[in-house]
Amino acid sequence: MPKLDIVGVSKAYGNIVALDDVTLHVRDREYVCILGPSGCGKSTLIKCVAGIEKPDHGQILIDDESVRDMAVEDRWIGYVFQEIALFPHLSVRDNLSYGLAVRRASGDRITTVANEMLDLIEMRDRAKSYPKELSGGAQQKVAVARAIATGSHLFLLDEPLGALDALVRAELRYDLKRLAVDLGLTVIHVTHDQEEALSIADRIVIMKRGRIVEVGKPSEIYLLPKRLFTENFVGETNLLEGRIVETGHASCLVQLNSHKIELKGRGRSITERVIVSVRPESIVLASRSGERNDRWEGLIKQAAFLGSITRYVVQVEGEPDLIVHVPSTGQIGGFRVGDRVDLLLDNSEHMLLFDYPKAGLNDETALG
Amino acid sequence: MPSVDFVNVTKRFDGVLAVDRATFDVESGEYVCVLGPTGSGKTTLLRLIAGLLKPDDGIILFDGRPVNAVEAHNRNAVYVPQQYALFPHLTVLQNVAFGPLARGKSEDEALEIARQTLEMVRLSGRAQALPSELSGGMQQRVALARGLASGSSLLLLDEPLGALDARLRLELRHRLRELVKQSGITAIHVTHDRDEAMSVADRIMVLRDGRILDYNQPIRVYTRPTGIFVANLIGGASFLEGIVEKVAPDSIVVRIRGGLLIKAPAEPLAIDERVILGIRKERVQISPSKLQAENVLEGQVRESRFLGSTREYVIRLTNGDTILSRRFLESENPAFAPQQRISVSFEQSDVMIFTYPPHGLRNELAMI
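Respectively, the protein sequence lines represent chains A and B. Counting from 5, one number per residue, gives the positions in the first sequence under the numbering used here. Counting from 8, one number per residue, gives the positions in the second sequence under the numbering used here.
Read the hints as simulated data drawn from the structure, not as lab findings. Ideal Cβ placement from N, Cα and C applies to all residues, glycine included. Hints may contain errors.
Quick list of simulated restraints, FRET-style, between CB atoms [as the list claims (entries may be wrong)]:
id, chain 1, residue 1, chain 2, residue 2, range
1, A, D367, B, E114, 28 to 36 Å
2, B, T362, A, E87, 39 to 47 Å
3, B, R218, A, D343, 15 to 23 Å
Can you make the complete structure from the sequences, with help from the hints?
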């Protein structure tokens with residue numbers, strides 16, 4: 005039933021700041037994903053929790069008890085990382101038994117727990133196999149089960165699926181989540197894969213340059229992020245620069261380079277510089293009609309069939325090229341490169357307005 | 008710009024077939040992705056083209072001329088391996104300028120090419136750094152830039168974006184295709200990421216156990232895959248076992264578990280033949296009410312997965328089979344809750360039909 009509190013933790017390597025005043029509270033039985041580009045400090049953070057690194061400042065508490073003077077093995081933490089680290093000369097069963105054997109559990113107890121673990125990961129029939137006889141995905145399942153077998157309830161997973169093929173990875177993440185829920189584990193799972201985080205996390209922590217950018221439920225992070233960095237980092241989007249030219253009761257009018265666009269948003273002032281974010285899936289494409297003047301005119305520059313969607317790059321006079329995702333119809337068809345189209349951006353529910361970032365757009369959206 | 012042909016090419020390692028009688032062509036200027044799970048022979052295929060491995064049997068041709076006897080350095084092909092080796096004592100800029108210099112460009116020209124290529128991989132800011140000062144992902148981008156700048160007319164890329172964060176990978180793959188297309192070179196790109204393959208390739212080659220299972224345009228491989236393994240690898244689907252009940256000129260009726268009937272497109276199959284039906288997630292519609300129509304099945308929502316721009320439902324059908332439905336996101340809250348009883352439906356034309364595989368369905372879905 006562990007809960008975890010990270011309070012004001014900082015860590016530097018020489019003059020490189022890896023963690024800068026990080027505070028995070030993880031509830032008992034919560035599944036938290038830490039998401040950020042490489043070098044953002046996410047791995048350093050969980051290494052501090054595990055005790056592999058020592059913070060320069062700040063406190064880490066497990067169930068309200070400071071871990072500062074606690075040795076790694078006394079923190080009772082399960083730790084699984086990207087590089088699969090099973091004992092190659094031990095069978096699956098012996099790998100699973102290892103932790104308990106080291107802790108001098110009785111033979112009966114070891115057998116019982118190993119059987120439970122084999123059932124948990126549905127690998128009874130592979131008990132006698134050696135790691136090299138298993139696929140990467142199966143090996144990583146054993147690594148997770150081995151960590152669970154030690155009786156830990158707080159788990160730190162550092163890119164646990166990173167070394168696996170895409171399809172295996174997508175399947176295994178749901179297995180991980182199911183295990184965590186069924187066994188009542190508290191999990192911190194570090195990843196750079198947006199979809200992985202969105203699909204299994206109770207809450208997502210977005211990190212950049214050693215700091216927490218924001219924390220929220222997956223739907224908040226994707227649909228209503230507070231920060232522009234998050235909006236751009238979690239899924240593709242189109243970012244358009246503009247200025248407020250009119251403000252209404254709960255909406256405002258933004259002048260972009262050559263188009264105007266109406267958006268929800270209050271408390272804005274005239275001439276304020278803003279960024280409008282439009283998700284590729286919220287733009288509708290239609291054949292050029294020439295009738296309605298609220299449509300934007302565009303030219304298809306690229307078209308790529310991606311399966312469930314087709315991805316278009318559309319050139320629009322005066323604006324940056326727009327990425328548009330259109331659900332595929334299942335048949336060959338759709339628009340072709342060179343087609344003239346109308347773009348409908350009247351779905352203002354799915355457009356977000358952000359303050360123009362103080363350090364500039366490139367700095368805000370930089371992936372590192 | 009060369010075209011590449013393989014005629015019955017076989018390569019064994021210690022008697023194990025790594026590439027098994029491969030016959031295919033790559034057109035001049037074409038962008039081909041080789042897709043397959045770990046161990047399917049992708050890298051071996053690439054190294055055969057590069058000349059780093061010699062085939063045991065068969066002929067490899069560039070522009071119609073056999074190159075079996077031509078050494079790697081005389082093939083005018085550049086191979087960017089997964090384990091890239093940068094010159095440790097040269098700066099990033101010098102590493103990238105090395106190729107152009109070696110083929111006789113002036114120093115100014117070579118540096119200009121290097122700068123432009125570094126801009127493409129988003130590393131302009133690190134031009135003066137040494138490789139050891141960069142992260143793994145950055146080093147991989149330098150290796151990619153060095154390959155792109157080399158001036159070779161055949162680019163062989165082994166997981167060129169594999170070490171990068173998901174978000175950066177998404178951005179760079181589109182730039183990579185653009186650059187290859189602009190310069191007119193022929194590119195062969197190995198990946199295990201099907202989204203990446205769909206995004207960049209003119210044609211996708213699917214490999215399994217050293218054999219080519221499919222080789223076609225992305226839309227063709229996705230909508231008309233040659234088998235279950237390909238269908239699953241290239242986008243996932245729900246697979247249902249059944250027996251052919253009725254054969255008509257324009258359709259086939261298949262009886263699945265529980266006696267449910269599904270109408271599929273016409274195929275040359277016989278009554279009582281065992282088959283597998285495949286239905287893509289995004290083709291499965293969900294309705295809250297009972298419907299009386301063709302290809303409507305009743306079930307219960309088991310799980311709802313938020314994936315950002317889409318939401319996936321796991322549905323248990325009344326016959327015990329599972330079917331997945333991917334819906335484009337309309338709002339934050341799921342339209343259907345777990346335990347809710349619903350109907351699913353799909354068009355006859357959306358049903359893919361395969362003969363029952365000799366080693367069973369599970370074997371076809373295993374990714375190793």
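Could you tell me which of the hints above the structure violates, numbers in ascending order?
3
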